[in-house]
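Start from the sequences, fold in the hints, and give me the full structure.
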Amino acid sequence: MLSLIRAVIGRDLRLAMRRQADIVAAMFFFIIVVSLFPLGVGPEPDQLRRLAPGVLWVAALLATMLSLPRLFADDHRDGTLEQLALAPQPLALIVLGKVIAHWLVAGLPLVLLAPVLGIQFDLAGDALAVLTLSLLIGTPALSGIGAIGAALTLGVRGGGVLLSLLVLPLYIPVLIFGAGAVDAAVTGLGAQAHLSLLGALALGGVFFAPWPTAAALRVALE
Amino acid sequence: MLALQGRNGSGKTSLLRMLCGLTPAASGEIRWCGRPIAQIGEEFRSELCFLGHQNAIKEELTPLENLVSTARLAQEPLDEDAALAALELVGLLGREDLACRYLSQGQKRRAALARLVHEKRALWVLDEPYVALDKAATELVAGLVGAHLQRGGLAVLTTHQAVAVPAGSVRELTLGDDVAAQQRL
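Top to bottom, those sequences are chains A and B.
Our numbering puts the first residue of the first sequence at 157, with every later residue one more than the last.
Our numbering puts the first residue of the second sequence at 1268, with every later residue one more than the last.
One or more hints might be untrue.
Chain A side only, calculated, beta carbon under 7 angstroms to chain B, not exhaustive [as the list claims (entries may be wrong)]:
id: 1; residue: A163
id: 2; residue: R167
id: 3; residue: R174
id: 4; residue: T236
id: 5; residue: Q239
id: 6; residue: L242
id: 7; residue: P244
id: 8; residue: L247
id: 9; residue: L377
Across the chosen pairs, the derived CB separations fall in these ranges [as the list claims (entries may be wrong)]:
id: 10; chain 1: A; residue 1: T343; chain 2: B; residue 2: P1344; range: 53 to 61 angstroms
id: 11; chain 1: A; residue 1: G210; chain 2: B; residue 2: R1302; range: 50 to 58 angstroms
id: 12; chain 1: A; residue 1: R226; chain 2: B; residue 2: E1406; range: 49 to 57 angstroms
id: 13; chain 1: A; residue 1: A371; chain 2: B; residue 2: A1431; range: 40 to 48 angstroms
id: 14; chain 1: A; residue 1: P325; chain 2: B; residue 2: A1431; range: 54 to 62 angstroms
id: 15; chain 1: A; residue 1: F364; chain 2: B; residue 2: P1344; range: 24 to 32 angstroms
id: 16; chain 1: B; residue 1: L1421; chain 2: A; residue 2: I179; range: 40 to 48 angstroms
id: 17; chain 1: A; residue 1: S159; chain 2: B; residue 2: G1358; range: 26 to 34 angstroms
id: 18; chain 1: A; residue 1: P246; chain 2: B; residue 2: G1358; range: 32 to 40 angstroms
Calculated directly from the structure, the hints in this document are not laboratory data.
Virtual Cβ for every residue (Gly too), placed ideally from N, Cα, C.
Now the structure itself:
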């Protein structure tokens, strides 16, 4: 079981390494969107500190959205998805591997970039730490929930727009608790409650999402 | 071996997809060893090798990587020597380190068919395996299917070409217009 998940992750990471343009594009999108705000809003540190959690989290959601349509589309186009669906092992396990690989490729870079970008917003050290931690806990939920949407819109023309409409509303709880945690840290309140709820969302997202995703993929293959 | 024939749109591919359990049958039931495949899903799929219209080849990977990663995903790890031997047999040795997007259509098909060389599962379902292949490769695939039949395996394939399979008994089934008419309903 673990070896199957490892095989899927290994294959997807190798494919991602051969197509680095996709990863780099999503990272630059994140960097640029976040950097535009201090330029547009003006350099008042108080205002920037207030804005920071929301801006960073919304940019992280949108950057994750960018890479979602390709999560299953390439495998669908070249017939690999049929092979995966016909594997003797449960399709949900394969999906779990793909979700983990997606997070490593699309989520983890955002987590690593966030503290650097947070400096632009004059965040203090502990707020930066909470920001990074909240993204580290929250981005797996984005990959998990996003996989359901990506599977549901597979093979649909104009699926990208539909995917955003489907998935972004489901991201709202993650956004609220993620940005809330950073906000609490900035204002000096404890971030622990927010982080715990975020952790619950992430666990739920990653471990329950593969089943509806697998069901949606089977429907898409019919 | 069962060779399915019929004009375009007569439902050959649909039938194969139903046999694999990818598409549910509108009516009736498909059984493996007397039991419906919908119930014994995983047990049936561990006996099934499907090769569809699409090659299931990753353009970014080399034929060698494709072969090895497909085998790993099927939980039947293939060592590099065995994979190279399979590629040599399908005539891709010397191209094994070239990304598949640089290969021709026929070479991609060969890369996909290399999977069959070490394939031990009992039921092969092949959708137009001879498409895009030259004469030598067509005979090679027919030889692989023949060897599979000799081992006691089963094969179902669709084709528009009459290709002699060296061993095993061959039954032919031609899907006619009535099936096509039913499909449209």
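Practice task
Tell me, in ascending order, the numbers of any earlier hints that this structure violates.
Solution key: Hints 8 and 12 not satisfied by this model.
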